[in-house]
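Protein chains in written order, with the numbering used here: chain X, 82 to 294; chain G, 82 to 294.
A few chain G residues facing chain X, derived, Cβ under 8 Å: (1) L148; (2) A152; (3) I248; (4) T249; (5) W253; (6) V261.
Over the 12 Å line for every Cβ pair with chain X, so calculated as not near, a few chain G residues: (7) G85; (8) Q87; (9) L90; (10) Q91; (11) A132; (12) P190; (13) M199; (14) R204; (15) A228; (16) L240; (17) N288.
Read the hints as simulated data drawn from the structure, not as lab findings. Built from N, CA and C at the ideal position, the CB exists for glycine as well.
Number of protein chains: 2
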Amino acid sequence: MREGFQSDLQRLTAQLAEMCDAAAAAVRHATDALVHADLVLAQQVITDDDAIDAQRARCEEDAYALLALQAPVAGDLRRVLAVVYCAEKVERMGDLAAHIADTARFAHPEPAVPGDLMPTFERMGRLDAEMAERVATQIRTGADGFAELRQADETVDTLHADLLSAITGGDWPHDQRAAVTAALTTRFYERFADQAVSVAKRLDFANTGDLPE
Amino acid sequence: MREGFQSDLQRLTAQLAEMCDAAAAAVRHATDALVHADLVLAQQVITDDDAIDAQRARCEEDAYALLALQAPVAGDLRRVLAVVYCAEKVERMGDLAAHIADTARFAHPEPAVPGDLMPTFERMGRLDAEMAERVATQIRTGADGFAELRQADETVDTLHADLLSAITGGDWPHDQRAAVTAALTTRFYERFADQAVSVAKRLDFANTGDLPE
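Modelling step: build the complete structure from the supplied sequences, incorporating the hints.
Structure (structure tokens):
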């Protein structure tokens with residue numbers, strides 16, 4: 082049974098890593114859809130989000146089955162519960178990517194945000210995707226990439242704050258709609274990065290037993 | 082042991098109900114702070130949020146202890162895990178209320194949003210608070226108030242959508258900063274309501290065993 086538990090847990094964490102890959106792909110594609118006003122790609126991200134939701138539900142059901150059948154304790158219990166916690170966060174990352182795609186879809190055929198902001202959104206999208214991929218690697222290899230993750234999150238926070246300042250700073254050259262769309266969109270990117278950090282923290286807790294702040 | 086488990090579980094769900102009360106108070110006070118540009122009250126909400134965070138951590142630790150010591154299965158397992166899930170959502174409700182308070186604090190001594198929008202924000206704040214209180218009642222009495230909760234959430238969604246339309250509709254009489262602040266603030270209210278619905282759904286799942294969509 083002990084061996085059965087460890088291989089079940091391994092399967093469970095592999096599912097979580099796959100979800101992170103899917104979230105990374107989602108935010109990459111959503112950003113491409115945003116930057117290129119690509120309706121087909123935007124629609125694809127929104128459709129694909131159902132698959133991430135389904136992965137989360139399966140992950141959770143499998144975790145519940147594992148808890149009920151094997152009643153793990155201490156570190157093993159923490160690791161199973163961490164997967165449940167993280168799966169929900171990664172599902173949220175997928176939702177946020179879908180919101181970005183939806184923003185592009187809603188504005189189509191116009192670009193959703195002004196051209197001069199596109200490089201910033203591209204950068205936030207790349208950072209978000211890399212963070213999700215880094216978490217996937219952390220899950221698969223146990224590598225500790227927390228410092229890099231935290232740094233990427235800080236960069237996203239700074240880009241987000243700078244963008245909000247630019248929008249509200251008084252010399253914004255675009256209209257109201259562009260201001261509001263840009264403000265909400267940058268927040269989606271910022272929240273995506275926050276979730277990635279939450280996941281990494283929780284995985285760390287699963288290993289150390291110290292609840293993250 | 083069986084009896085011990087049930088009373089422990091009861092204590093755990095009572096903690097969750099208290100957290101919901103605290104989140105309701107937080108969004109009520111944050112809304113007052115927003116509407117009256119009340120710096121002291123805003124500061125209070127932000128400080129009080131630490132207590133909600135601490136409640137969440139305690140709730141989670143107690144749930145883990147219960148799982149490890151009693152290894153509940155089936156419905157009991159679901160109920161314990163539901164508390165962990167919900168505590169995190171309610172903590173997020175507190176965070177969103179703190180964001181609203183922070184918006185009021187940042188703008189002080191100016192009002193954060195234009196006076197003509199205040200009635201809408203007041204209404205959203207009242208709906209959010211009532212939703213959190215309804216969830217607390219659901220936890221305490223087992224009463225099924227899901228239909229009313231869903232209806233309140235739809236009203237919040239409509240107010241949110243109408244507000245975004247008004248901001249971006251072309252005849253917005255205020256400046257850019259007011260537009261962006263109002264757009265982000267209305268989203269905080271909308272997300273608060275979403276979390277309340279998530280909590281109610283999860284509590285329902287804990288009782289029925291059917292995972293919410």
